[in-house]
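There are 2 protein chains.
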Amino acid sequence: MGETAVFGAGEYEARCRRTQEAMAGEGLAAMLLTSEPDFQYFAGFFTRFWESPTRPWFLILPATGAPVAVIPGIGTPLMSRTWIEDIRSWDAPDYDDDGVSLLADTLRELTRPGDRLGVPMGRETSLRMPLADWERLCDLLPKRTRHDVSGVLREVQGQKSSAEIAAIRRTCQIAGRAFDRVPEILRPEVTLAELFRRFQTLLLEEGADWVRYLAGAAEQSGYADVISPAHHRPIVAGDVVMLDTGAVRDGYFCDYDRNWAIGTVTPQVQEAHQILFETTETAFDAARPGLRVCDLYHIMETKLSRHSPAPISGRLGHGLGIRLTEPPSLIAADTTELVPGMVLTLEPSLTMGSGKMLVHEENIVITEEGADWLSPRGPREIPVLEWAR
Amino acid sequence: MGETAVFGAGEYEARCRRTQEAMAGEGLAAMLLTSEPDFQYFAGFFTRFWESPTRPWFLILPATGAPVAVIPGIGTPLMSRTWIEDIRSWDAPDYDDDGVSLLADTLRELTRPGDRLGVPMGRETSLRMPLADWERLCDLLPKRTRHDVSGVLREVQGQKSSAEIAAIRRTCQIAGRAFDRVPEILRPEVTLAELFRRFQTLLLEEGADWVRYLAGAAEQSGYADVISPAHHRPIVAGDVVMLDTGAVRDGYFCDYDRNWAIGTVTPQVQEAHQILFETTETAFDAARPGLRVCDLYHIMETKLSRHSPAPISGRLGHGLGIRLTEPPSLIAADTTELVPGMVLTLEPSLTMGSGKMLVHEENIVITEEGADWLSPRGPREIPVLEWAR
Chain A
0 MGETAVFGAG EYEARCRRTQ EAMAGEGLAA MLLTSEPDFQ YFAGFFTRFW ESPTRPWFLI
60 LPATGAPVAV IPGIGTPLMS RTWIEDIRSW DAPDYDDDGV SLLADTLREL TRPGDRLGVP
120 MGRETSLRMP LADWERLCDL LPKRTRHDVS GVLREVQGQK SSAEIAAIRR TCQIAGRAFD
180 RVPEILRPEV TLAELFRRFQ TLLLEEGADW VRYLAGAAEQ SGYADVISPA HHRPIVAGDV
240 VMLDTGAVRD GYFCDYDRNW AIGTVTPQVQ EAHQILFETT ETAFDAARPG LRVCDLYHIM
300 ETKLSRHSPA PISGRLGHGL GIRLTEPPSL IAADTTELVP GMVLTLEPSL TMGSGKMLVH
360 EENIVITEEG ADWLSPRGPR EIPVLEWAR
Chain B
0 MGETAVFGAG EYEARCRRTQ EAMAGEGLAA MLLTSEPDFQ YFAGFFTRFW ESPTRPWFLI
60 LPATGAPVAV IPGIGTPLMS RTWIEDIRSW DAPDYDDDGV SLLADTLREL TRPGDRLGVP
120 MGRETSLRMP LADWERLCDL LPKRTRHDVS GVLREVQGQK SSAEIAAIRR TCQIAGRAFD
180 RVPEILRPEV TLAELFRRFQ TLLLEEGADW VRYLAGAAEQ SGYADVISPA HHRPIVAGDV
240 VMLDTGAVRD GYFCDYDRNW AIGTVTPQVQ EAHQILFETT ETAFDAARPG LRVCDLYHIM
300 ETKLSRHSPA PISGRLGHGL GIRLTEPPSL IAADTTELVP GMVLTLEPSL TMGSGKMLVH
360 EENIVITEEG ADWLSPRGPR EIPVLEWAR
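Protein sequence lines correspond, in order, to chains A and B.
So in numbering that gives the first Met the number 0, the last spot in the first sequence is 388, and the numbers never skip.
So in numbering that gives the first Met the number 0, the last spot in the second sequence is 388, and the numbers never skip.
Pulled out of the complex, with its shape left as it was, chain A reads as follows (with noise of 0.2 angstroms):
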C-alpha cells in the first residue's frame, strides 16, 4: 500500500469480501464497476481527477480475490500504489477503441458463458462510460446476463466500517469547527457569494482537504430554497442565512447545516428552529438498529405536521459516507432496516406560514445501542449575530 492510502490492504480486502458473499448469494461471477466512489470503496483509488469526464475508468470484482482494474495508462501510477495487482491500461483518449476490447477481453478471462455479470442499474446509480460503449461491450460479452448489484452495493456500503465511522466524524468536526467560526466571517456588507468563499476558507484551514459541496441561503425570515448559488447582495438584518455543507477529508463527506439570524428574529423563525431541533432529537432517540427507515421517516413526519401549515414532501435524511447523499432515503417508501455502522443525515425543513422555509441537518451512525451523533449537535435556538454599527 502506498502513502497515499487511506486504510490498510485489510480493510478493502474486508469490503470484497462481504461484496464477494452477497454475489455468492445471487449467483454472480463478476462484477463492472465504473464509477469514483466505487473506486474508492473497493481499490482504495483516491484522485481529484474523476473531474475530467474525457475518460471511462473499470473495476473488476470477481467472484474471488482482489479487484482487476481496467483503466487509462494515466491511472497507472497511482493505482499501482493501492493493494490492486492486476492493472491494465491501454493508452487514453483512444477514439477507435476506449478501453472496450481490453476490458471485453478481461471480462471474457474473468467469467464463462453463461455466467452472471453485476452492473450496478438501480437507483442512485449510473454508469461512467459512453453509451455507445456500453452497447459495443455487450455485443462483444455474448451469453453472459447482466444482473443489477445496486442492492447488494448499498447493503455493503451501507453499513460502515469503523474506520469509515471515524473518518466521517473527522470530517463532521472539521464542518463543526469552521461552523463555530461563522461570526469571523459573517460581517456586515459581506454577500452570500463572498461568504460563501470565506466558509471555503475555513473548512480548509480547519483541515478539509477539500470542499465538494456547498450550498445556503440568506433572506428576510426564511429561504426559498435550498440549492440555489449564492447572490451577490450584501447580507442585511432581518436575513435568516443557512450554510449547509459537504467538506471531504481523506474521501469521507460530511453533510450538515446551521442557520443563523442577523439583528433580529421573527418568532416564527424561533419557533420553527425549535421545532426542526426537536425533531432531530426525537428521530436521534428512537434510531436503533431493527427500526425500519420509513418508521424514522413517519416519527419526524407526524412531529412535523403537527407544525407545519403545507404537507411535508421529499425526503427527510439520507444516507452519507463516500457520497454527499447516499442510499437509504428517509422517505415512506424506504423499508431498509436500520443496523449498526448506518451513517444518516437528519434533516428536517418546514415551510413557515411566510411560504419560507427553514431547513436543520445533523449526521449520525446507528449504534448497536441506539444511534450517535457525528456532527457536534447544534444549537435548538438560533443563533442571532449582532453587528454593531
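Careful, some of the hints might be misleading.
[As the list claims (entries may be wrong)] Reference listing, derived: stretches of chain B covered by chain A, where coverage requires no fewer than 3 residues with Cβ under 8 angstroms from a Cβ of chain A:
#1 39-52
#2 223-234
#3 317-325
[To be verified] Below, a list of computed lysine to aspartate or glutamate pairs in the EDC-like style, where the Cα atoms sit at most 20 angstroms apart:
#4 B/K355 to B/E300
#5 A/K355 to B/D90
#6 B/K142 to B/E108
#7 B/K355 to B/E270
#8 B/K142 to B/E25
#9 B/K355 to A/D90
[Said to hold, decoys possible] If we take Cβ atoms under 8 angstroms as the criterion, some of the chain A residues that face chain B in the derived model are:
#10 F45
#11 T46
#12 R47
#13 F48
#14 P52
#15 G74
#16 R107
#17 V118
#18 S125
#19 P129
#20 A131
#21 Q172
#22 L203
#23 L213
#24 A223
#25 S227
The hints are simulated quantities; they were obtained by calculation from the structure and are not laboratory data.
As the structure is a computational prediction, the values presented were derived from the model and not from experiment.
Backbone N, C-alpha and C define an ideal beta-carbon position, used for all residues, glycine too.
Starting from the known structure of chain A, fit chain B onto it as the hints suggest.
Relative to the frame of chain A, chain B by itself:
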C-alpha cells in the same frame, strides 16, 4: 431571468438555435440531456447540487423553441429563475418511478412515432440516470430511434461565444493571481497536502467560486505522475513543486499549471522547463483557424521528441470551458479543424532521463487571426524559491 443567471436569455437562445440547426441537419425531433454541463449550457441552470447522485435530471431540447425541463421538485424554484418556462417536476426520490413515466409522457408529446431522438452516446459523455431506468424509458417510447448527438454537442459547445471566452479568461486571471501568490504559502516545512489547502484558499480569495479540481506534486527533480492526491511529507530543497488547477467562476473553468524549484534546480529540470515553454510557444504561434488538431499535436510532438528519451505518449492538450476537459483531444487521431472561439489547453509533458516528468500547461483561445493567451503567460525559466533558514 433571475439574479443568479450568468448570461442574458439571448445567449441561451442563440445556443439552442445553433444546436437546433445542427439537429435539423441530422433529422432529429428532439435531444435528451441528463448532465450538469448540458443543463448549464442550455438552461443556465447552475447549482452544486449535482454532487448528490440520488436524483436524475432531464432536459429536452425540441427541434424548435426553448428546452423543456423534467426535474425533481427540489429544483423547481431555481429552474423557475432561468429562462426555461416549461418545467415539469415530480417528488423525487420515487422508488417506483423516478421521473421515467413523466419523461416518457413529455417525449411522446414532443415527438411522434418514427421520429429520431438525439442522446449523447459517444466519447466523453455518459448518461446520468440509472441504466435500468434508461432501458425502461426505451420500452415506453416505441417507434422512436435513438441517434448519437455527441458530435453535434462537440461542435456547438466547442465554439465558444465571446461571453463564454470572457468568462474563461476571468477564471484564468483569478488563477493567475493565485499562482503569483504561491511564494507566500510555499514555505519551509509545508507538506503538499497543506499546500493544496492553502492554494485553494488563495484561489477563493482571488475570486474563484469553487475549486473543483486541483492536482500537483512535490518530488525531487520532477514527478512520477500528475493525478495522485497530495502527500504528507514536508516539501524540501531539491523538490520540484507543481500545482495544476481547475478553478471555477460562474461555471467556467481554467485548467493550467505552474512549476517551482525549491532552493536548487538541476540543469536537466531547467532545460526541460524551457523545452516545455518553447513547445507551448511554438503551438501558440501555429494555432489558427483551418489548422487541424492533429497538425497542432504533430507540431508539439515533433518539438518534444527531439529532447525526450522516451516516446511521447498521451495527449498534449484538450478543450476547456464548462468542463475541466472537453473535446477535442490533442492527439494524432483528432482531425477537428480549429475554428475561432475554440478554447484549448496546451499541455506538453516531458519525461526526463531520470524517469521523472515535468508538465507545463497554458490556456488559449483561437481567434480569426491566430490565438490569444487566456492564462497569463508562464515563465520560460522555472522559478527557484530560495528559502531563508
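For each hint, the structure was consulted:
1. Remark: the stretch 39-52 of chain B is confirmed as covered by chain A, as 7 of its residues place a Cβ nearer than 8 angstroms to a Cβ of that chain, reaching the required three.
2. For the stretch 223-234 of chain B, the proposed coverage by chain A is satisfied: 10 residues have a C-beta within less than 8 angstroms of a C-beta in that chain, meeting the threshold of three.
3. For a cut-off of 8 angstroms, the count of residues in the stretch 317-325 of chain B with a CB near a CB of chain A stands at 4, and the three-residue condition holds.
4. For the hint linking B/K355 to B/E300, the alpha-carbon distance of about 18 angstroms falls within 20 angstroms, and the restraint holds.
5. Annotation: proposed proximity of A/K355 to B/D90 holds, straight-line Cα distance about 19 angstroms (limit 20 angstroms).
6. Distance hint between B/K142 and B/E108 is fulfilled; the C-alpha atoms sit about 14 angstroms from each other, no more than 20 angstroms.
7. Distance restraint check for B/K355 and B/E270: the Cα-Cα separation of roughly 13 angstroms lies within the 20 angstroms cut-off, and the hinted pair is therefore satisfied.
8. A C-alpha spacing of about 17 angstroms is found between B/K142 and B/E25, which places the hinted pair at or below 20 angstroms, so the restraint holds.
9. At most 20 angstroms may separate the alpha-carbon atoms for a hinted pair to count; B/K355 and A/D90 meet this at roughly 19 angstroms.
10. Hint on A/F45 holds. Least Cβ distance to chain B is approximately 5 angstroms, under the 8 angstroms limit.
11. The restraint placing A/T46 at the interface with chain B holds, with a minimum CB-CB distance near 5 angstroms, inside the 8 angstroms limit.
12. Taking 8 angstroms as the C-beta contact cut-off toward chain B, the hint placing A/R47 at the interface holds, the least distance being around 6 angstroms.
13. For A/F48, the interface hint holds, the least distance from its beta-carbon to any beta-carbon of chain B being 4 angstroms, beneath 8 angstroms.
14. Given hint, A/P52 at the interface with chain B, holds; its Cβ is 6 angstroms from that chain's nearest Cβ, closer than 8 angstroms.
15. At its closest, the beta carbon of A/G74 sits 7 angstroms from a beta carbon of chain B; the interface hint therefore holds under the 8 angstroms criterion.
16. Given the 8 angstroms rule on beta carbons, the hint for A/R107 is violated: about 21 angstroms separates it from the nearest Cβ of chain B.
17. A least Cβ separation of about 7 angstroms between A/V118 and chain B falls short of the 8 angstroms threshold, and the interface hint therefore holds.
18. Nearest Cβ of chain B to the Cβ of A/S125: about 5 angstroms, under the 8 angstroms cut. The hint holds.
19. Because the closest C-beta pair between A/P129 and chain B is about 6 angstroms apart, less than 8 angstroms, the hint holds.
20. With a least beta-carbon distance of about 4 angstroms to chain B, the hint placing A/A131 at the interface is held under the 8 angstroms criterion.
21. Interface hint status for A/Q172: violated, as the beta-carbon distance to the closest one in chain B is roughly 16 angstroms, over 8 angstroms.
22. Hint status for A/L203: holds, given a least beta-carbon distance of 4 angstroms to chain B, under 8 angstroms.
23. At about 6 angstroms, the closest approach between the beta carbon of A/L213 and any beta carbon in chain B falls short of 8 angstroms, and the interface hint on this residue holds.
24. Interface restraint check for A/A223: the shortest CB-CB distance to chain B comes to about 5 angstroms, inside 8 angstroms, so the restraint holds.
25. The beta carbon of A/S227 comes within 5 angstroms of a beta carbon in chain B, closer than 8 angstroms, and the hint placing it at the interface holds.
The structure fails hints 16 and 21 (numbered hints given earlier, in ascending order).
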